[in-house]
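For the sequence shown, my numbering assigns the number 1 to the initial residue and increments by one for each residue that follows.
Calculated directly from the structure, the hints in this document are not laboratory data. Check the hints yourself; a few may be wrong.
Here are the in silico distance ranges between beta carbons for each label pair [as the list claims (entries may be wrong)]:
#, residue 1, residue 2, range
1, I35, L5, 29 to 39 Å
2, I35, N2, 42 to 52 Å
3, R4, D27, 33 to 43 Å
4, L37, K15, 43 to 53 Å
5, R4, I35, 42 to 52 Å
6, N2, N36, 48 to 58 Å
7, I13, R34, 28 to 38 Å
8, N2, M33, 40 to 50 Å
9, V28, K3, 29 to 39 Å
Derived DSS-like pairs: lysine-lysine, alpha-carbon spacing no greater than 25 Å straight-line [to be verified]:
#, residue 1, residue 2
10, K14, K3
11, K14, K25
12, K15, K3
13, K15, K25
By construction, the Cβ of each residue, glycine as well, lies at the ideal position given by its N, Cα and C atoms.
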Amino acid sequence: MNKRLWLLLESEIKKLQILKSYSVKYDVSVFHMRINLGG
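Start from the sequences and build out the full structure, keeping to the hints where you can.
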């Protein structure tokens, strides 16, 4: 397999993992905000 292609794929996977962890943190904070507001 092409090494450059593999590096590109790897960086895309890292980006996705970062986005995933951010969205999870966001969901959790929104959830807590709703509880705190009594919503």
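Hint check results:
no. : hint                  : verdict
1   : I35 / L5: 29 to 39 Å  : 46 Å, violated
2   : I35 / N2: 42 to 52 Å  : 49 Å, holds
3   : R4 / D27: 33 to 43 Å  : 35 Å, holds
4   : L37 / K15: 43 to 53 Å : 33 Å, violated
5   : R4 / I35: 42 to 52 Å  : 47 Å, holds
6   : N2 / N36: 48 to 58 Å  : 51 Å, holds
7   : I13 / R34: 28 to 38 Å : 32 Å, holds
8   : N2 / M33: 40 to 50 Å  : 46 Å, holds
9   : V28 / K3: 29 to 39 Å  : 38 Å, holds
10  : K14 / K3              : 16 Å, holds
11  : K14 / K25             : 17 Å, holds
12  : K15 / K3              : 18 Å, holds
13  : K15 / K25             : 16 Å, holds
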